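All chains, full assembly: derive it from the sequences and hints.
Protein sequences, first through last, are from chains A and B.
Each residue of the first sequence is one higher than the one before, counting from 1 in my numbering.
Each residue of the second sequence is one higher than the one before, counting from 1 in my numbering.
Incorrect hints may have been included.
Said to hold, decoys possible - Once the Cα atoms are required to be at most 27 Å apart in a straight line, the calculated DSS-like pairs of lysine-lysine come out as:
| id | chain 1 | residue 1 | chain 2 | residue 2 |
| --- | --- | --- | --- | --- |
| 1 | B | Lys102 | A | Lys58 |
| 2 | B | Lys57 | A | Lys42 |
| 3 | B | Lys57 | A | Lys57 |
Said to hold, decoys possible - So these bits of chain B aren't anywhere near chain A, every CB distance computed over 12 Å:
| id | residue |
| --- | --- |
| 4 | Leu11 |
| 5 | Ser24 |
| 6 | Asn26 |
| 7 | Leu41 |
| 8 | Lys71 |
| 9 | Leu103 |
Everything labelled a hint here was simulated from the structure, so no lab data went into it.
For clarity, every value in this text was computed on a predicted model and none was experimentally measured.
Positions of the beta carbon are idealized from the N, C-alpha and C atoms, including for glycine.
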Amino acid sequence: GENVEQHPSTLSVQEGDSAVIKCTYSDSASNYFPWYKQELGKRPQLIIDIRSNVGEKKDQRIAVTLNKTAKHFSLHITETQPEDSAVYFCAASTGRRALTFGSGTRLQVQP
Amino acid sequence: EAQVTQNPRYLITVTGKKLTVTCSQNMNHEYMSWYRQDPGLGLRQIYYSMNVEVTDKGDVPEGYKVSRKEKRNFPLILESPSPNQTSLYFCASSLGGTVGEKLFFGSGTQLSVL
Numbered sequence: 001g002e003n004v005e006q007h008p009s010t011l012s013v014q015e016g017d018s019a020v021i022k023c024t025y026s027d028s029a030s031n032y033f034p035w036y037k038q039e040l041g042k043r044p045q046l047i048i049d050i051r052s053n054v055g056e057k058k059d060q061r062i063a064v065t066l067n068k069t070a071k072h073f074s075l076h077i078t079e080t081q082p083e084d085s086a087v088y089f090c091a092a093s094t095g096r097r098a099l100t101f102g103s104g105t106r107l108q109v110q111p
Numbered sequence: 001e002a003q004v005t006q007n008p009r010y011l012i013t014v015t016g017k018k019l020t021v022t023c024s025q026n027m028n029h030e031y032m033s034w035y036r037q038d039p040g041l042g043l044r045q046i047y048y049s050m051n052v053e054v055t056d057k058g059d060v061p062e063g064y065k066v067s068r069k070e071k072r073n074f075p076l077i078l079e080s081p082s083p084n085q086t087s088l089y090f091c092a093s094s095l096g097g098t099v100g101e102k103l104f105f106g107s108g109t110q111l112s113v114l
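And the structure:
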């Protein structure tokens, strides 16, 4: 089955800096790649997603890039703010079976 | 308000005592699924359902059962809970199409099996 690896497990940045979280996947048939944000004690919430026919997608301060050849995708957060502090999960799906999540990255934005 | 409702929010039980965690969505979503969240392991899918009466195993189905008799409800059943099933459980739903696309999560159920 699909295996998704996520790095780093923790990330600390200064407010205003950029943060990058990287994921690799194993199944070349995967074609859907969402990112979820989970604040402390809350439910995961979708922040951005990308399909395999697109190389990059942006939504205000967040962007996701996808490299199908290398089977990796990344989340980029620019001008980080304290409210960006949370655990971020990447995931991958072939569209036909289970959605497989990475192990998560705890992002801490220092004021 | 569009939502996925899970109950109970917290549950403490003993080994072997059957329990059910309920999940209901009011968005007419076709796809529903259950995940467990453990530190360092992320979210792992237990079971999912593409529609009424259609269920399939996720990555960690052992020790769990589900049913999908109605579109809005997708209960998770632990017939003989064991301590290794102590975890935070999330139900999620989505409109359909690509499996797991744009999931809406419930608030979670923290389960402790003693």
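Consistency of the hints with the structure:
1. For a cut-off of 27 Å, the pair hint linking Lys102/B to Lys58/A stands: about 16 Å separates their Cα positions.
2. With a C-alpha separation of about 26 Å, the suggested pair Lys57/B and Lys42/A falls inside the 27 Å cut-off, and the hint holds.
3. Restraint check: the Cα-Cα separation between Lys57/B and Lys57/A comes to about 31 Å, which exceeds 27 Å; the hinted pair is violated.
4. At roughly 17 Å, the least C-beta separation between Leu11/B and chain A is larger than 12 Å, which holds for a residue marked as non-interface.
5. Distance to chain A confirms Ser24/B as a non-interface residue, since its nearest Cβ pair spans about 15 Å, more than 12 Å.
6. Even its closest Cβ contact with chain A, about 16 Å, leaves Asn26/B beyond 12 Å, as expected for a residue assigned away from the interface.
7. Here Leu41/B does not stay apart from chain A, with its beta-carbon only about 6 Å from theirs, under the 12 Å limit.
8. Non-interface status of Lys71/B relative to chain A is upheld: no Cβ of that chain comes within 12 Å, the nearest being about 20 Å off.
9. Listed as a non-interface residue, Leu103/B fails to keep its Cβ farther than 12 Å from every Cβ of chain A; the least gap is roughly 6 Å.
Against the hints set out earlier in the document, violations occur for numbers 3, 7 and 9.
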